[in-house]
Amino acid sequence: KQEVTQIPAALSVPEGENLVLNCSFTDSAIYNLQWFRQDPGKGLTSLLLIQSSQREQTSGRLNASLDKSSGRSTLYIAASQPGDSATYLCAVGKFGSSNTGKLIFGQGTTLQVKP
Amino acid sequence: NAGVTQTPKFRVLKTGQSMTLLCAQDMNHEYMYWYRQDPGMGLRLIHYSVGEGTTAKGEVPDGYNVSRLKKQNFLLGLESAAPSQTSVYFCATRSMGTKAQHFGDGTRLSIL
Chain H
91 KQEVTQIPAA
101 LSVPEGENLV
111 LNCSFTDSAI
121 YNLQWFRQDP
131 GKGLTSLLLI
141 QSSQREQTSG
151 RLNASLDKSS
161 GRSTLYIAAS
171 QPGDSATYLC
181 AVGKFGSSNT
191 GKLIFGQGTT
201 LQVKP
Chain W
9 NAGVTQTPKF
19 RVLKTGQSMT
29 LLCAQDMNHE
39 YMYWYRQDPG
49 MGLRLIHYSV
59 GEGTTAKGEV
69 PDGYNVSRLK
79 KQNFLLGLES
89 AAPSQTSVYF
99 CATRSMGTKA
109 QHFGDGTRLS
119 IL
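Line by line, the protein sequences give chains H and W.
For the first sequence, counting from 1, position 107 maps to 197 in the working numbering; every step adds exactly one.
For the second sequence, counting from 1, position 36 maps to 44 in the working numbering; every step adds exactly one.
For the record, the hints were derived by calculation from the structure and aren't laboratory data.
We put the beta carbon where it would ideally sit given N, CA and C, even for glycine.
Here are the in silico distance ranges between beta carbons for each label pair:
id, chain 1, residue 1, chain 2, residue 2, range
1, W, Ser103, H, Thr148, 18 to 24 Å
2, H, Ala119, W, Pro69, 21 to 27 Å
3, W, Asp70, H, Asn112, 31 to 37 Å
Can you make the complete structure from the sequences, with help from the hints?
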C-alpha cells in the first residue's frame, strides 16, 4: 500500500530564506507526483506536477524534484515571502491510475514565513 | 477557486440525518473526485467519476453514495450521518488531457 509522508509537519522561517520541503513515498511505481498549496479555509491549488519520467519541474521561485529510486521529492522555495505562508501537500498518482487520476496525499507541511 | 463550486460551505447535522453535498464545475472536465480531509490524516479519496453516468469507489467509500447524472455535477450523499463523518469535504475535477486536479473551497460538515 502506497504511503506518503511529509516531514516536518510545521516549519517557521524568516523572510528571504531559501527552504526545502520534503515528501517521501513507499512505492516507487508512481505515475506522477503533484505539489499543492492550501491556504486556511480554502481548497488546494496545484503548484507543480512531475511526471514519473521527469526529474524536476520549475515555476517561478518554486522547484520540485523527483527521485523515484529513493522514493523522495523535494519542493524548493527560493527567497521566501510572508505570502508563501500556507500548508503544502504532496500527492502521488499511483501507477496504473493514468485513466483515473487517483492521488494519495501526504499530511502536509504548514509553513510560516515571518516578516 | 474559479470553476469548482461546492454547496453548502458549512453544515451541522444530527446523527442519523441525511444530506447531499453538491459539486458543480463549469470547466467541462471529465473526471470528478470527492475527498475528505481530517486532521493528521491528509486527504482521502471517497468516490470518483471518470465521466457522466459512471462512479467508482475510492479509499474510504463506506457510508457515502454518489451520483453523476450530469457531466457538470457530482453529488455526495450521506444517508445516515455519523459523528465519524465530521470532516471537511473537497471536490476536485480534472480534464482528460491534463493531469492537475482543480479543487473547490470545501464543505465543512459537523455531525453531532
